[in-house]
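*Asks:* Sequence:
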Amino acid sequence: MTVKESQFIEISMDSGKEMHLTRYYIFSPFLRIFHWLMVVSIIVLFASGIVIMTPMSMGEGQYVVLNNWHLSVDWIRNLHFVAGFVLTASFLFRIYGYIINKGDRLLPNIFRMKFWDDLVEVMMHYCLLKYSHKQFLRNPMARMSYVAIYGLIVVEMLTGFAMYFQVNPNGVGSFLFGWLVIPYGEMFLHVVHHIVAWCIFLFAAIHVYMVVRADFMEREGEISSMISGTKVLAHLPDDINDIRDKRGRIIKG
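According to UniProt numbering, the sequence shown holds residues 1 to 253 in order.
These are computed hints drawn from the structure, not numbers from a lab.
Worth double-checking, as some hints may not be accurate.
[Claimed, not checked] Derived pair list, reagent style DMTMM-like, types lysine to aspartate or glutamate, alpha-carbon separation capped at 25 Å:
no.: 1; residue 1: 114; residue 2: 238
no.: 2; residue 1: 114; residue 2: 222
no.: 3; residue 1: 134; residue 2: 218
no.: 4; residue 1: 130; residue 2: 238
no.: 5; residue 1: 130; residue 2: 239
no.: 6; residue 1: 114; residue 2: 239
no.: 7; residue 1: 102; residue 2: 215
no.: 8; residue 1: 102; residue 2: 117
no.: 9; residue 1: 102; residue 2: 239
no.: 10; residue 1: 102; residue 2: 222
no.: 11; residue 1: 130; residue 2: 222
[To be verified] Using C-beta positions, here's what the derived DEER-type ranges look like:
no.: 12; residue 1: 116; residue 2: 77; range: 38 to 46 Å
no.: 13; residue 1: 74; residue 2: 212; range: 35 to 43 Å
no.: 14; residue 1: 171; residue 2: 215; range: 41 to 49 Å
no.: 15; residue 1: 217; residue 2: 74; range: 43 to 51 Å
no.: 16; residue 1: 217; residue 2: 175; range: 46 to 54 Å
no.: 17; residue 1: 117; residue 2: 199; range: 22 to 30 Å
no.: 18; residue 1: 217; residue 2: 96; range: 31 to 39 Å
no.: 19; residue 1: 33; residue 2: 148; range: 20 to 28 Å
no.: 20; residue 1: 107; residue 2: 186; range: 32 to 40 Å
Glycine included, C-beta positions come from ideal geometry on N, C-alpha and C.
Given the sequences, and given the hints that come with them, work out the whole structure.
*Replies:* Dropping the structure here:
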């Protein structure tokens, strides 16, 4: 099935010249569902996790505030657990999208030298050492960063489930995830879980900045791409072959 691809003309606000743009439909609904469920669940997980891990971080009057909101620490813990299951479900959406849609497989081609050359070029651009870089469906630096965040999320899910199911040591959940507790103990998992949570928070902050920056400076519809699934490019993207089939067609799935 070929990708939905449309062409249109836009007047550049900088030069006043006509720009022939092409809109590429890239990201499947499964990737977009994963993205927004992940956004909401990570916000809930991080906020509730801070209260659970360091209850006094809200100050001495926190319990009065929570009571006024009809909340309790147990309620917040349950909210944290629900958000964790939502994050896991969204991750399964991501895996399914990876299977059915080539546009969802834009991961690093680490075994190709060209990938590393392009990565250096993009990094030089973001370090303000190069004015521009080639157009990509997903640039090499973004590809590397997404693999990193997926790895962090997997670690967070595994450590989270390992701690969650310790409530019932004889249950199925403990059997599946208990092997993580045995080598170093539950406290070690708490520390890893906490550190990785802050790493994810840091990634999210940088990610928001980079996306907004790219949307204003490169005008490729970076922000809207996770709503519509499309990106708008003035030139043929350098990595267009990553979504072609064996016949050379740009495919959707």
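*Asks:* All the hints need checking, so say for each whether the structure fits it.
*Replies:* Against the structure, the hints:
As the CA atoms of residue 114 and residue 238 are separated by approximately 11 Å, the hinted pair is consistent with the 25 Å bound. A distance of roughly 23 Å separates the Cα atoms of residue 114 and residue 222; the hinted pair therefore holds under the 25 Å criterion. Taking the CA atoms of residue 134 and residue 218, the gap is about 11 Å. The hint holds against a cut of 25 Å. Taken as a hint, the residue 130 and residue 238 pair is honoured in the structure, with Cα atoms around 17 Å apart against an allowance of 25 Å.
With a CA separation close to 20 Å, the supplied pair residue 130 and residue 239 stays within the 25 Å bound. With a CA separation close to 11 Å, the supplied pair residue 114 and residue 239 stays within the 25 Å bound. Pair hint residue 102 plus residue 215 holds up; C-alpha atoms about 23 Å apart against a cutoff of 25 Å. With a C-alpha separation of about 23 Å, the suggested pair residue 102 and residue 117 falls inside the 25 Å cut-off, and the hint holds.
Our distance criterion of 25 Å between C-alpha atoms is met by residue 102 and residue 239, whose separation comes to about 12 Å. For the suggested pair residue 102 and residue 222, the alpha carbons sit about 18 Å apart, so the restraint of at most 25 Å is met. A distance of roughly 20 Å separates the Cα atoms of residue 130 and residue 222; the hinted pair therefore holds under the 25 Å criterion. At about 44 Å, the CB distance of residue 116 to residue 77 agrees with the hint of 38 to 46 Å.
Hint check: residue 74 to residue 212, Cβ distance near 38 Å, so the stated range 35 to 43 Å holds. Here the CB-CB span from residue 171 to residue 215 is close to 46 Å, well matched to the stated 41 to 49 Å. A beta carbon spacing of about 47 Å between residue 217 and residue 74 agrees with the range 43 to 51 Å that was offered as a hint. For residue 217 paired with residue 175, a C-beta distance near 51 Å keeps the hint of 46 to 54 Å intact.
With their beta carbons about 28 Å apart, residue 117 and residue 199 fall inside the hinted range of 22 to 30 Å. Distance hint check: the CB atoms of residue 217 and residue 96 are about 33 Å apart, consistent with the given range 31 to 39 Å. Distance hint check for residue 33 and residue 148: the Cβ-Cβ separation is about 21 Å, which falls inside the suggested range of 20 to 28 Å. Take residue 107 and residue 186: their Cβ atoms lie about 33 Å apart, and the range 32 to 40 Å holds.
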